[in-house]
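A.B. asks: Based on the hints, put chain B in the right spot on chain A.
Spelled out, the chains give:
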Amino acid sequence: MPSNTTEESRAIAKLYSELASALADYRFGHWTELSKAQRAEIESHEWTLLTYSSNMASRAIRLAGEESGPALAGIVRATKRLTAAVHRVASVKHVFALATSAVALGGAIASGHALAIGEAVSEALSVADG
Amino acid sequence: MRRRAAPRPSQRVRIHCLTIFVIALTSGCTSPAAVTRYAKSAALTTARLPDVTDALSQSCRRTTSYRLRRTSSEWFGDDSLRAACVGRDAALRTVTRANRVLSSYFAALESLAENKLTDYDAKVDALGDAVGEAADFDKKQVKAIEDLAKFASSRATDGYRRSRLRDAIATQNENVQVVTDALHDILDRDLAQLLENDVAAQTSFYRAALAESSDRDPLTAILVRDAYDARAAELAERSAAVRSLAQALLTVGRGHQALFDARDHLGGKALLATIVSNARELDAAVARVNKAF
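Taken in order, these protein sequences are the chains called A and B.
Going by this note's numbering, the residue at position 5 of the first sequence is 5; the numbering climbs one at a time, nothing skipped.
Going by this note's numbering, the residue at position 268 of the second sequence is 1268; the numbering climbs one at a time, nothing skipped.
Isolated chain A (complex conformation):
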């Protein structure tokens, strides 16, 4: 059986892929309402999230250490909330905030620092609920 860390990494890879798809759906669904610059910014976040997802699926990012369990649980919770928020979002400003928060969380995961991950999770949860 795979370890919990492996399972959670897979779950995060899937969630980031879904989050990128949610952003793409928003971009194409609001194509005419968005400016070229806004579309480019959202698309840039999509590519970053897809890259994070692939990195996690590749296991290039190692989430080693027993203490990482609770942090990973927080990542899963925050990413799910971000994806749900993108689906119900009303303003493009909020989409930018969600996408930026997701990218920051992905960066914190890549860094492997538990403190940075914890802060990014809190920020993501706050933005998703905002």
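Read the hints as simulated data drawn from the structure, not as lab findings.
We put the CB at the ideal spot given by N, CA and C, even for glycine.
Errors might be hidden in some of the hints.
What the hints assert, rightly or not - Derived BS3-like pairs: lysine-lysine, alpha-carbon spacing no greater than 27 Å straight-line:
| hint | chain 1 | residue 1 | chain 2 | residue 2 |
| --- | --- | --- | --- | --- |
| 1 | B | K1139 | A | K14 |
| 2 | B | K1116 | A | K14 |
| 3 | A | K93 | A | K14 |
As the list claims (entries may be wrong) - Every beta carbon over 10 Å from chain A, so not counted as near; a handful from chain B, in silico:
| hint | residue |
| --- | --- |
| 4 | D1079 |
| 5 | D1138 |
| 6 | R1225 |
| 7 | F1260 |
| 8 | G1267 |
Said to hold, decoys possible - Derived contacts from chain B toward chain A, CB cut-off under 8 Å, selection only:
| hint | residue |
| --- | --- |
| 9 | R1088 |
| 10 | R1189 |
| 11 | D1190 |
| 12 | L1194 |
| 13 | D1217 |
| 14 | P1218 |
C.D. replies: Quick look at chain B alone, frame taken from chain A:
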């Protein structure tokens, strides 16, 4: 006229005949036809995995190229694409190494079944160590890979032969189950996820290009859409083939389990029927992978 009695066989001849009888009997009881059939199909199945990993490596470069074309106006070369795919390539190499160890085990099993002498392959043993160092598997999986590698590389030097086929199947069964399960999970989830992400990236690339230019140049838009449809169909077929290969690895594990369960009667008809059915499933999966990659 009194008939002459047939001469009684000498003690030496009687012992010789008895020896032949015992060898024939023993050989019949451990007829390795099922093992040979199984090992060949399992080896063919694992032989396809490098094609999948190569394609996924190339797919990463293509996806990175899409990203760079969409997000940057600066020129980029192959070195940029390679740099972006270092993580994926490293993970794929680890998978390929583990798979090669498994493949070598099946080659060893086939050699044993056919009572062949095979060359010592020290590289296989080194592969087991390399997989362990890569740390992309958990400890149990790494140990299974290392044990399989040691067995596969020692098949000639340790005097393993047909008479020890049963012991080989018995001692390596758990390792085969662990490694086939691990490779199944990697294919079914991780590699499938990578393909899914590549599909999403490709769709985004083509869809954005069409949305931006279809009004200005409708004829070009038709060609671009055709190119997208062809590539999307190719990726869909590849995704299905990866899942099929993942299932095939479980079938490989089940086949070895069947050999293990029947290790005292390897020449049994029921086992051969099970293995033939197992091999047909593997052949179908291999055909699907051949077509897609």
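A.B. asks: Taking the hints in turn, state whether each one holds.
C.D. replies: Evaluated hints:
1. Taking the CA atoms of B/K1139 and A/K14, the gap is about 25 Å. The hint holds against a cut of 27 Å.
2. For the hint linking B/K1116 to A/K14, the alpha-carbon distance of about 47 Å lies beyond 27 Å, and the restraint is violated.
3. Between A/K93 and A/K14, the direct Cα distance comes to roughly 25 Å. Compliance with the 27 Å bound is thereby established for this hinted pair.
4. The Cβ of B/D1079 lies farther than 10 Å from every Cβ of chain A, with a closest approach of about 18 Å, so its non-interface assignment holds.
5. Some Cβ of chain A comes within 10 Å of the Cβ of B/D1138; the nearest lies about 5 Å off, and the non-interface call is violated.
6. No Cβ of chain A comes within 10 Å of the Cβ of B/R1225; the nearest lies about 15 Å off, and the non-interface call holds.
7. Every CB of chain A is more than 10 Å from the CB of B/F1260 (nearest about 20 Å), matching its label as outside the interface.
8. With a least beta-carbon separation of about 35 Å from chain A, B/G1267 lies farther than 10 Å from that chain, consistent with its non-interface assignment.
9. The closest approach between the C-beta of B/R1088 and any C-beta of chain A is roughly 4 Å, which is under the 8 Å cut-off, so the hint is satisfied.
10. For B/R1189, the interface hint holds, since its Cβ comes within 8 Å of a Cβ in chain A; the closest pair sits about 5 Å apart.
11. For B/D1190, the interface hint holds, since its Cβ comes within 8 Å of a Cβ in chain A; the closest pair sits about 5 Å apart.
12. A hinted interface residue such as B/L1194 counts as satisfied when its beta carbon comes closer than 8 Å to some beta carbon of chain A; here the least separation is about 5 Å, so the hint holds.
13. At a threshold of 8 Å, the smallest CB-CB gap from B/D1217 to chain A is about 18 Å, leaving the interface hint violated.
14. A least Cβ separation of about 17 Å between B/P1218 and chain A goes past the 8 Å threshold, and the interface hint is therefore violated.
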